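One line per chain: the protein sequences are E and Y, in this order.
Start counting the first sequence at 1098; every next residue gets the next number (the working numbering).
Start counting the second sequence at 1324; every next residue gets the next number (the working numbering).
Just so you know, not all the hints are guaranteed correct.
Calculated cross-link-like contacts (lysine-lysine; reagent style DSSO-like; alpha-carbon spacing at most 30 Å) [unchecked claim]:
1) E/K1167 / Y/K1396
2) E/K1163 / Y/K1336
3) E/K1163 / Y/K1360
4) E/K1228 / E/K1112
Just so you know, these hints were derived from the structure itself, not from any lab.
No experiment lies behind these values; they were computed from the predicted model shown.
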Amino acid sequence: MEITIKRIDYLCGPKLSVYTVKKEGYAVTEYELFTKDLPVYRQSHPDEVKSFIDALDLMKERGAKKHYFKPTWPQYLPKMDKESIEISDNNDYGTRLYVIRLRDDILILLNGGIKTTLKGQDCPKVGGYFKFTKKLEKKIDSLLVEKEIDINNELHDVSIDL
Amino acid sequence: MNIENHIQILEEKDDYIHDLVRTQMDILDRIHFLLDKYFDGSQAALAVKMGISEARVSKMVNGLQNFTLSTLKKLEQAFGENIIVVPCDYDHEDIQIDGYISTFNPTSLNVDTKGEMVESQKLIPSTI
Chain E
1098 MEITIKRIDY LCGPKLSVYT VKKEGYAVTE YELFTKDLPV YRQSHPDEVK SFIDALDLMK
1158 ERGAKKHYFK PTWPQYLPKM DKESIEISDN NDYGTRLYVI RLRDDILILL NGGIKTTLKG
1218 QDCPKVGGYF KFTKKLEKKI DSLLVEKEID INNELHDVSI DL
Chain Y
1324 MNIENHIQIL EEKDDYIHDL VRTQMDILDR IHFLLDKYFD GSQAALAVKM GISEARVSKM
1384 VNGLQNFTLS TLKKLEQAFG ENIIVVPCDY DHEDIQIDGY ISTFNPTSLN VDTKGEMVES
1444 QKLIPSTI
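Chain E with its partners taken away, still in its complex shape:
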């Protein structure tokens, strides 16, 4: 499957370039797919959704610093404490927007949703995005090691064979 990296100009700032990806055969990017359902996520998790939207806005001026993210793999937004999550039932583990943080100034937003199981990979809603994020990150890492991608250059429209 061919993946093409797309820049999200609206989310970029002096200290951060934000990208998403478009899968081969899809009309829109992963982040567009995620945002399509934002109103739904917001109904049950208003503070979480608002907080990661605001966090992305603040990162324009501060960068996507490593310590803003919980040290998980894959990484995601938002990180909220359990008491901050509007848990509606036992199968609600909060919202996940999976991301790949390449550097303080490079962030790739993917897809996500409301996690319904303890382990992300087991969740019928976000499990696919969880696995996709890991697979893509692993691939990007190997391309960086092999110097097939240079993150010092613009990443927009760079294609990856996943």
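Given the coordinates of chain E, work out where chain Y should sit on it, guided by the hints.
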């Protein structure tokens, strides 16, 4: 690229959430500044100093979160320096703190003829 829903939520002002996230980032930046200053950025070294596991330290110092006073106090003890400062000059409520650490502008306070702050107006950093 159509991210209309994102833009709409961003444009809806919610000062509480915005301020909360910004403060969480400020505290994380301050913690990592002190981590670099006193432990060369080593979370393992901080864990040894605090007598807890590195995994626990990692959770304490990474990720946007609602820090408890207890957590901040433990970290302050390990760093030997304040992470945040609370203004406690109750006689002068108009004193403004610029930023999250004691970067207040002393020129905004009254000084005596020798250029020293009048005792009653000194800003007393409070440990938390």
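Numbered hints the structure breaks, given as an ascending list
none
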